[in-house]
Amino acid sequence: MKFAILVNEGPYQHQASDSAYQFTQAALKKGHEIFRVFFYHDGVNNASRLTVPPQDDRHIVNRWSELAKAHNLELVVCIAAAQRRGMLDENEAKRNGKDANNIAEGFRISGLGQLIEAGIQSERLVVFGD
Amino acid sequence: MEDEGIVKKFLYLNRKAPYGSIYALESLEVVLIGAAFDQDVSLAFIDDGVYQLKKNQQTSVTSGIGVKDFSKTYRALEGYDVEKLYVDKKTMEERGLSTDDLLVPVEVLDDAQMAELMEQQDVVLSF
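Chains as they are written, first to last, in the working numbering: chain A, 1 to 130; chain B, 131 to 257.
Mixed in with the good hints there might be a few duds.
Simulated restraints on C-beta separations [unchecked claim]:
id, chain 1, residue 1, chain 2, residue 2, range
1, B, 213, A, 70, 39 to 49 Å
2, B, 168, A, 96, 27 to 37 Å
3, B, 135, A, 23, 43 to 53 Å
Source of the hints: derived by calculation from the structure; they are not laboratory data. Even for Gly, the Cβ is constructed at its ideal location relative to N, Cα and C.
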């Protein structure tokens with residue numbers, strides 16, 4: 001089956017990102033297709049490459065990056081939600097006159113149209129949120 | 131466009147009060163962007179989500195909490211061909227609200243009808 005995943009909560013604060021990750025990993029293991037993982041609301045914070053969790057804990061951001069690399073997974077961060085929360089890629093940082101960017105490897109910033117498209121193109125859109 | 135021709139039933143399920151958190155505003159942003167995709171869109175308001183449609187929100191710096199008032203956007207939805215708005219009957223009763231308290235015309239559904247509405251959808255975006 002072709003799934004799309006929506007992550008609406010930030011890492012560590014809420015279980016949603018962990019559940020989404022476990023679901024995505026399990027679906028891939030079973031041979032399902034993940035059309036796209038879309039990060040919205042505080043979910044955009046899952047893409048911060050400046051995240052430094054304690055060493056004995058899981059690294060939620062790197063875990064997504066690694067999964068994306070291993071399975072050619074699309075991780076898309078909503079641009080509007082990202083910008084109001086201080087999440088910028090190199091282009092957006094430049095465009096907005098900021099001196100830093102913080103989007104982790106494997107994630108890309110794009111518009112909400114990518115979420116709607118994921119809903120249209122997938123057989124199931126699974127929402128992980130509060 | 132690749133999506134051309136496919137029309138799915140999208141339900142935006144709004145469950146949280148406005149202004150206390152950003153879910154209501156960002157849900158509206160999805161609805162507005164999504165309107166460009168010509169899908170079959172419905173909005174449902176349950177639990178504290180019905181407060182999103184409450185008239186007379188005062189959010190300005192002088193009379194309220196200093197947050198941008200997005201109530202007007204609900205009135206503008208019609209212009210985006212988003213015309214199917216539903217509220218939950220029990221939710222309204224529990225909060226002492228009637229449809230006269232709301233910004234826009236809505237259809238009131240009981241639990242069974244709301245369940246049926248959800249059952250009919252292809253995509254449910256819950257905020």
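Quick rundown of the hints versus the structure:
no. : hint                       : verdict
1   : 213(B) / 70(A): 39 to 49 Å : holds (44 Å)
2   : 168(B) / 96(A): 27 to 37 Å : holds (32 Å)
3   : 135(B) / 23(A): 43 to 53 Å : violated (30 Å)
When held up to the earlier numbered hints, the structure conflicts with hint 3 and nothing else.
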